[in-house]
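Please put together the full structure from these sequences, using the hints given.
Those protein sequences? They're chains A and B, same order as listed.
Residue numbers for the first sequence follow the working numbering, so the first one is 1 and each next one is one higher.
Residue numbers for the second sequence follow the working numbering, so the first one is 1 and each next one is one higher.
Everything labelled a hint here was simulated from the structure, so no lab data went into it.
Heads up, some of the hints might be wrong.
As the list claims (entries may be wrong) - Computed from the model, here is a short list of chain A residues facing chain B with C-beta under 7 Å:
#	residue
1	N125
2	P128
3	N130
4	T131
5	A137
6	F139
7	H141
8	F150
9	L155
10	G299
Stated by the list, open to error - Just a sample of chain A residues kept apart from chain B, beta carbon distances all over 10 Å, derived:
#	residue
11	E50
12	G103
13	S109
14	D118
15	K126
16	G151
17	Q164
18	T165
19	A177
20	R198
21	E223
22	T235
23	S260
24	E288
25	G298
26	L360
As the list claims (entries may be wrong) - Taking lysine to any residue and the SDA-like style, the derived pairs with C-alpha atoms no more than 20 Å apart in a straight line are:
#	chain 1	residue 1	chain 2	residue 2
27	A	K157	B	A232
28	B	K213	A	P140
29	B	K71	B	F282
30	A	K57	A	D118
31	B	K216	A	M154
32	B	K216	A	K159
33	B	K242	A	R182
34	A	K159	B	Q231
35	A	K157	B	Q231
36	B	K270	B	G258
37	B	K213	A	K203
38	B	K242	A	S143
39	A	K400	A	K203
40	B	K213	A	A160
No experiment lies behind these values; they were computed from the predicted model shown.
Ideal Cβ placement from N, Cα and C applies to all residues, glycine included.
Here's the letter readout for the chains.
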Amino acid sequence: MQNLRYARQNETVGTTTETGQDGGPNTIMQAQTDVAEPAPMPGDTSNTREIAIDARKISKIYRGEDEVRALDNVSVRIRRNEFFTLLGPSGCGKTTLLRVIAGFEPPTSGQLWLNGKDISRLPPNKRPVNTVFQNYALFPHMSVANNIKFGLEMLGKPKAEINQTVEEMLTLVQMQAMKARRTSEISGGQQQRVALARALAPKPEVLLLDEPLSALDLKLRKEMQMELKRLQHETGITFIFVTHDQEEALTMSDRIAVMSAGKILQIGSPQEIYQRPAERFVANFIGESNFLDARLSGGSVTLKAGGTFPVENPANVADGDVSVLLRPEHAFLSDAEDALPARVETVVYSGEATSMHTRLEQSGEPVKLRLANAPTGSGMPEEGAQVRIGIQPGALSVLKD
Amino acid sequence: MAYVTPESEALPLDAPAEPGALEAEHSSRDVRQRWFLSLPSILIIFFFAAGPLSVMLLYSFLTPGNYSGVKWEFSTDAWSSILMQRDIFDDTLQWADAHLSIFWRSLSLSMITTALTLIFGLPTAWFISTRPPGRRELWLFLMTVPSWTNLLVRTIAVQEMIRAEGVINNVLVFVGIVDEPVQMMFTNFAIGLGMTYVYLPLMVLPIYAAVEKLDKRLLEACYDLYASRWQAFYRVILPLVKPGIIAGSILVFVPCLGAYVVPRVLGGGKNLMFGNLIELQFGAGRNWPLGASLSFTLMVIVMVALIFYIRVTSQERKDG
Numbered sequence: 001m002q003n004l005r006y007a008r009q010n011e012t013v014g015t016t017t018e019t020g021q022d023g024g025p026n027t028i029m030q031a032q033t034d035v036a037e038p039a040p041m042p043g044d045t046s047n048t049r050e051i052a053i054d055a056r057k058i059s060k061i062y063r064g065e066d067e068v069r070a071l072d073n074v075s076v077r078i079r080r081n082e083f084f085t086l087l088g089p090s091g092c093g094k095t096t097l098l099r100v101i102a103g104f105e106p107p108t109s110g111q112l113w114l115n116g117k118d119i120s121r122l123p124p125n126k127r128p129v130n131t132v133f134q135n136y137a138l139f140p141h142m143s144v145a146n147n148i149k150f151g152l153e154m155l156g157k158p159k160a161e162i163n164q165t166v167e168e169m170l171t172l173v174q175m176q177a178m179k180a181r182r183t184s185e186i187s188g189g190q191q192q193r194v195a196l197a198r199a200l201a202p203k204p205e206v207l208l209l210d211e212p213l214s215a216l217d218l219k220l221r222k223e224m225q226m227e228l229k230r231l232q233h234e235t236g237i238t239f240i241f242v243t244h245d246q247e248e249a250l251t252m253s254d255r256i257a258v259m260s261a262g263k264i265l266q267i268g269s270p271q272e273i274y275q276r277p278a279e280r281f282v283a284n285f286i287g288e289s290n291f292l293d294a295r296l297s298g299g300s301v302t303l304k305a306g307g308t309f310p311v312e313n314p315a316n317v318a319d320g321d322v323s324v325l326l327r328p329e330h331a332f333l334s335d336a337e338d339a340l341p342a343r344v345e346t347v348v349y350s351g352e353a354t355s356m357h358t359r360l361e362q363s364g365e366p367v368k369l370r371l372a373n374a375p376t377g378s379g380m381p382e383e384g385a386q387v388r389i390g391i392q393p394g395a396l397s398v399l400k401d
Numbered sequence: 001m002a003y004v005t006p007e008s009e010a011l012p013l014d015a016p017a018e019p020g021a022l023e024a025e026h027s028s029r030d031v032r033q034r035w036f037l038s039l040p041s042i043l044i045i046f047f048f049a050a051g052p053l054s055v056m057l058l059y060s061f062l063t064p065g066n067y068s069g070v071k072w073e074f075s076t077d078a079w080s081s082i083l084m085q086r087d088i089f090d091d092t093l094q095w096a097d098a099h100l101s102i103f104w105r106s107l108s109l110s111m112i113t114t115a116l117t118l119i120f121g122l123p124t125a126w127f128i129s130t131r132p133p134g135r136r137e138l139w140l141f142l143m144t145v146p147s148w149t150n151l152l153v154r155t156i157a158v159q160e161m162i163r164a165e166g167v168i169n170n171v172l173v174f175v176g177i178v179d180e181p182v183q184m185m186f187t188n189f190a191i192g193l194g195m196t197y198v199y200l201p202l203m204v205l206p207i208y209a210a211v212e213k214l215d216k217r218l219l220e221a222c223y224d225l226y227a228s229r230w231q232a233f234y235r236v237i238l239p240l241v242k243p244g245i246i247a248g249s250i251l252v253f254v255p256c257l258g259a260y261v262v263p264r265v266l267g268g269g270k271n272l273m274f275g276n277l278i279e280l281q282f283g284a285g286r287n288w289p290l291g292a293s294l295s296f297t298l299m300v301i302v303m304v305a306l307i308f309y310i311r312v313t314s315q316e317r318k319d320g
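Written out as structure tokens, the structure is:
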């Protein structure tokens, strides 16, 4: 299944390059700024057929005592059968975007297309889009089965079909035994499954998930992450998943959009987002990072701390003074001549790895290293020790500030 | 476990309690405390509810005194004359519909009033509960302000609105919609209007409490699942605020059935309701036993109505 998943992912990633700018293999998809108007042409089938949600320059401004731009000219195209994640800190606009897609919030400006149709004006109950709410919002006075049935009944499906679909959904989320229970009588994880089944039952074209795992404990959350991936795979429905948990986003998504202050900063596969973040914010938000001052010239950087290295430049930053990203696990202790001299400040053991905080001799910049622990333990330098830090090939990446 | 010396452990200072003895002691202490705490309410209920009711029950089986009070002679007249009348000439019992029509007026007006307060009260409660948190208290406050005024004064204010030379008629005549004042006073309409006005807060408050508890996100879930506004109301809002509606209906219906001031002022001498009929027996009618038996009849009607109402409304939809 995993292989299949990758095959599909690669295929969809392959199609992105045509829309991208002149970038290399790690293209940043249309960031927040003006995208060429992607109006669906009658003859143009190759592109639009792939797109489920096409949000065009959507802004959402809350006017009050002080104006809040919850969404600032956001454009994003989400492909069919994609597990797409909106990732960002709270207040970044990710939930607002989800609510705009669901139809709960009318956008201040911009258009929303779903499978080639403009749905900007449709109320939520006319959109073939269902939501898994953060608090699940299950109907407390109904049984599990009746919750799942609700959407189908509202659509006026024939009774036999409804009952069949409900059974299917109960099987899909493994809740057959609980179908007669009230939703208040089941656990949080089970409520989560019912909420999923209820949203999936009407077979929506897009499923929206608003931080659905945030209320679950860690173990259950891990389980449900796998479960969600399985469900997405089995149903073939486009999932748009909102989370502030970067690890969750990296684990589950086909593509991730990182948002901040109402804008989409970067869209890409988990690998692209993690390894080649375009901006400092993205790098900082996802995983741990070291930022090093450097001078960019051509395809390589000269670090303030010394040494010249080839560098990736995903955001096409112009030559000059730049910040480069070094992930802690891409740095290592080295005896090589060109390794950077540093002094160890603190050493923190955390089971499978050791985090080492060092300070570079030449530039005075702090660098964090994450070193895998050997089975025989120790062997790590003590605090205050002189070390040399090596950088794995391809580890450095230029950031747009 | 080396530090445990079995000898010393086996010889505690006090003899070990029997299994369960401690629990029994604890629970009997609990029971005593509960009784002690509830004693004041038990005494109050006994003296001020059960006591007077027993006196009433006793009176209803006695003979009316000459001027007021009762004579200590057993009689079932008070009970038979609820629906029967003794012919003045030949002393036979005859079917009397005077009381029956009063019962009917009381019942029907109470039901209509309950329905009206529900129709007006539900949207009001919804409105209040959807205001921003600071504003809700203001609206609730405004809702209850009229109740601070004396009931009689409020009722007379209604009279001032609807009487022949009152505000409404004056306006209607002045604008030319009607040629002469519409007779509104001393009608069932007047009583219904007055009671709806007076008892509306009793409907709004419990419904508000239920609506406020209702998770508004459930409505989004409804719309998300293709429900229309009506379907969301009928399938989700109504079942969830039902406890509030039931409580409000009881709070309105029961005092309506026994209402005294409003029908007295707005219904006049002709349009009696149950409360007025009872009052009449203890006052001008000088028939305390009949008043007592009527009071019991009212109580039974209220109980039967409530049991019926709760039975009907608490019938669950068949959950699949």
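Checked hints:
1. For A:N125, the suggested interface contact is upheld, since its CB lies about 5 Å from the closest CB of chain B, less than 7 Å.
2. Look at A:P128: its Cβ only gets to about 9 Å from chain B, farther than 7 Å, so that hint breaks.
3. Taking 7 Å as the C-beta cut-off, the interface hint given for A:N130 holds, the closest approach to chain B being about 6 Å.
4. With a cut of 7 Å, the hint placing A:T131 at the interface with chain B holds, because the nearest CB-to-CB distance is about 5 Å.
5. For A:A137, the shortest C-beta to C-beta distance to chain B is roughly 4 Å, which falls under 7 Å, so the interface hint holds.
6. Contact between A:F139 and chain B, as hinted, is supported at the beta carbon level, the nearest pair being about 6 Å apart and thus within 7 Å.
7. With 7 Å as the threshold, the beta carbon of A:H141 comes within range of chain B, its nearest partner Cβ sitting at about 5 Å, so the hint holds.
8. Hint status for A:F150 relative to chain B: holds, with the closest Cβ pair at about 5 Å, below 7 Å.
9. The interface hint given for A:L155 is met, as the beta carbon of that residue sits about 5 Å from the closest beta carbon of chain B, less than 7 Å.
10. The criterion of a C-beta within 7 Å of any C-beta in chain B is not met by A:G299, whose closest approach is roughly 50 Å, and the hint is violated.
11. Residue placement check: A:E50 keeps its beta carbon more than 10 Å from all beta carbons of chain B (closest about 25 Å).
12. Remark: the non-interface label on A:G103 conflicts with the geometry, its nearest Cβ contact in chain B lying 8 Å away (cut-off 10 Å).
13. Separation of A:S109 from chain B is adequate, the least Cβ-Cβ distance of about 23 Å exceeding the 10 Å criterion.
14. Once the 10 Å rule is applied to beta carbons, A:D118 is consistent with being away from chain B; the minimum gap is 19 Å.
15. For A:K126, the shortest C-beta to C-beta distance to chain B comes to about 8 Å, within the 10 Å cut-off, and the non-interface label is violated.
16. Here A:G151 does not stay apart from chain B, with its beta-carbon only about 4 Å from theirs, under the 10 Å limit.
17. Here A:Q164 stays apart from chain B, with its beta-carbon at least about 13 Å from theirs, past the 10 Å limit.
18. With a least beta-carbon separation of about 13 Å from chain B, A:T165 lies farther than 10 Å from that chain, consistent with its non-interface assignment.
19. The non-interface label for A:A177 is consistent with chain B: the shortest C-beta to C-beta separation is roughly 15 Å, beyond 10 Å.
20. The non-interface label for A:R198 is inconsistent with chain B: the shortest C-beta to C-beta separation is roughly 7 Å, within 10 Å.
21. With a least CB separation of 24 Å from chain B, A:E223 remains clear of the 10 Å interface cut-off, as annotated.
22. Distance to chain B confirms A:T235 as a non-interface residue, since its nearest Cβ pair spans about 17 Å, more than 10 Å.
23. No beta-carbon of chain B is positioned within 10 Å of the beta-carbon of A:S260; the least distance is around 26 Å.
24. Distance to chain B confirms A:E288 as a non-interface residue, since its nearest Cβ pair spans about 35 Å, more than 10 Å.
25. A:G298, annotated as away from the interface, keeps every beta carbon of chain B farther than 10 Å; the closest lies near 53 Å.
26. Separation of A:L360 from chain B is adequate, the least Cβ-Cβ distance of about 51 Å exceeding the 10 Å criterion.
27. Taken as a hint, the A:K157 and B:A232 pair is honoured in the structure, with Cα atoms around 17 Å apart against an allowance of 20 Å.
28. With a C-alpha separation of about 12 Å, the suggested pair B:K213 and A:P140 falls inside the 20 Å cut-off, and the hint holds.
29. Distance restraint check for B:K71 and B:F282: the Cα-Cα separation of roughly 14 Å lies within the 20 Å cut-off, and the hinted pair is therefore satisfied.
30. Distance restraint check for A:K57 and A:D118: the Cα-Cα separation of roughly 14 Å lies within the 20 Å cut-off, and the hinted pair is therefore satisfied.
31. With a CA separation close to 19 Å, the supplied pair B:K216 and A:M154 stays within the 20 Å bound.
32. Of the supplied pair hints, the one linking B:K216 and A:K159 is violated, its CA atoms being roughly 29 Å apart against a limit of 20 Å.
33. Of the supplied pair hints, the one linking B:K242 and A:R182 holds, its CA atoms being roughly 17 Å apart against a limit of 20 Å.
34. Of the supplied pair hints, the one linking A:K159 and B:Q231 holds, its CA atoms being roughly 18 Å apart against a limit of 20 Å.
35. About 15 Å separates the Cα atoms of A:K157 and B:Q231, which keeps this hinted pair within 20 Å; it holds.
36. With a C-alpha separation of about 17 Å, the suggested pairing of B:K270 with B:G258 holds against the 20 Å cut-off.
37. For the proposed pair B:K213 and A:K203, the alpha carbon gap of about 31 Å is over 20 Å, so the pair is violated.
38. For the given pair, B:K242 sits about 17 Å from A:S143 by alpha-carbon distance, which is consistent with the 20 Å threshold.
39. For a cut-off of 20 Å, the pair hint linking A:K400 to A:K203 is broken: about 41 Å separates their Cα positions.
40. For the given pair, B:K213 sits about 35 Å from A:A160 by alpha-carbon distance, which is inconsistent with the 20 Å threshold.
The structure fails to meet hints 2, 10, 12, 15, 16, 20, 32, 37, 39, 40 from the earlier list, while all remaining hints are met.
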